[in-house]
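Asks: Sequence:
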Amino acid sequence: MVQLKLSNISVPVESSRNVKNFVCKQFRIRTEDLNGFRIVRQSVDARKKNRVQYNFQVEVTLPDKYRSLIGSPGVAEPTPAPDLTYPKWTHDLQPVVVGFGPAGMFAALYLARCGARPVVIERGERIEDRQQSVQRFLQTKVLNPESNVQFGEGGAGTFSDGKLNTNVNSEYNQFILNEFHAHGAPEEVTYQQNPHVGTDYLSKVVKNIRTEIETLGGEFHFSTLFDRFEKNGERLMAHCQNGKTFTTRHLLIGLGHSARDTIRMLHANGLLMEAKGFSIGVRMEHLQRDINRMQYGPSANLLPPASYKGVVHLQNRGVYTFCMCPGGTVMASASEKGTIVTNGMSEHKRDKANANSALLVSVTPEDFLQGSVLDGLDYQAKYEQLAFRMAGDGRAPGNLVGEFLKGQIAERHRKVVPSYPHGLYYGDFSRCLPDYAVHALREALPLLDRKLPGIANVDTVLTGVETRSSSPVRILRNDDRMSSVSGIYPIGEGAGYAGGIMSAAIDGLKTAIQITLAK
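Counting in the numbering used here, the sequence shown runs from 1 upward without gaps.
Bear in mind the hints are in silico, worked out from the structure with no lab data behind them.
All C-beta atoms, glycine included, are put in the ideal place defined by N, C-alpha and C.
There may be inaccurate statements among the hints.
Only pairs whose alpha carbons sit at most 25 angstroms apart, straight line, appear in this in silico DMTMM-like list of lysine to aspartate or glutamate [stated by the list, open to error]: (1) 231 / 92; (2) 415 / 351; (3) 49 / 449; (4) 415 / 403.
Pair ranges (Cβ atoms, derived) [unchecked claim]: (5) 231 / 74: 50 to 60 angstroms; (6) 297 / 349: 19 to 29 angstroms; (7) 145 / 458: 33 to 43 angstroms; (8) 145 / 204: 22 to 32 angstroms.
Starting from the given sequences, assemble the full structure and let the hints guide the process.
Replies: In structure tokens, the structure reads:
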């Protein structure tokens, strides 16, 4: 038998269920000779709205007589996946992982498979209890500051769209996707061009990864806030607010970007950091069916919910869409009382009426630095608090694009019903966003509409504020991935080394590999 990778397979959307037939016809393969068939890449080509197609890449197993196809257009031998090994953990103490978001999850999973029996400390609740805390907040506005959309098992990404695409070109990308599938995500996440899990599947995946780590000897401490550390020679003592203490030589800090208190503690205790840029803006909502028509044309009813991506380069700022959630909702994502924070979320089916996306304006350190590398934390919090004060009852600031562009305030929604769970207070965004951000949004929306016709429709709902797209600080580390305090390894999004589930997972994995191999 011979294995072949077959590329450049275009299939009309109405015939996408017959991929095998198209493959056999294109490469002159007898269907009865197919001994193995696996889709390795699938994307939608909607450049021609009157002829939208799926593009596929597949791997097939065939009798040896087909070996002669190698070298023909679109035919090659598959590239072997990198072999990820699990060397035996040889250090005398268990590693300690703070935070069980994507970075902490994949660091702990790798360490567990190496026999390290990692200790995981998570300030929030296990996923089953965390879901109840989140639902209570959405229904009653009563926030649990320690377990919410930002904090808890799975990290902030658990209550998002669960996007698994990334701009990081890593040899570990496919490994991460395969692990998501192995722990409960649908198989298509392993081959779609823009894979997503959805919050409903993510909760299952997170629990299954935890179960494997426990089976391999790892231990978990939920509702356990890591609040200080001390050095004792080469050993580190990780102290927690509930009185628990853990001794280790390897302390992996996998904070989310919302763990402001822990970031401040680390800075006060000597970890070197630098300020970094982030973004600020609003969530915009459209009817999903309008986005489908915009992207797919007449084929809209035959394809999954459409997404979009856009960027506008102004004279001094970049304005861009971020974390677009087809068929989703705008989430109340605060982690501190008296604040409004928005984010997007969708389930795997993406079957809600609205599409939503952040529309963000770039923020540079020059915008907020006043003397401390932590000033960005205060800058974010300032606008989150201002947003809350506008209504004072949990409603988020809102407006419609038509009125916003004219400097006016809408009285209520029109075509699009806002999905923010606590309702909107229609008001002036200049009361909860910096002036430069308001001006940049007004300038960018008409320009963005030229690229994505309909994005700036007058009925588009704007909900504020979105401030947590990335961390405003970076915890410095050396080539060994160690911070300025020996034995402490900052990982993931909160440490400033990732921007989403995939890049955070890869960063945690690479750090775990590094410390396992180190002598």
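Asks: Each hint should be assessed against the structure and marked as holding or not.
Replies: Cross-check of the supplied hints:
1. 231 / 92: Given pair residue 231, residue 92 holds - Cα atoms ~17 angstroms apart, limit 25 angstroms.
2. 415 / 351: It holds: about 18 angstroms lies between the C-alpha atoms, which stays within 25 angstroms.
3. 49 / 449: Roughly 18 angstroms separates the two Cα atoms, so the pair holds.
4. 415 / 403: holds (14 angstroms)
5. 231 / 74: 50 to 60 angstroms: holds (58 angstroms)
6. 297 / 349: 19 to 29 angstroms: holds (23 angstroms)
7. 145 / 458: 33 to 43 angstroms: Distance hint for residue 145, residue 458 holds at roughly 38 angstroms.
8. 145 / 204: 22 to 32 angstroms: The hinted range 22 to 32 angstroms holds for residue 145 and residue 204, with Cβ atoms some 26 angstroms apart.
This entry satisfies every hint, going by the numbered hints stated previously.
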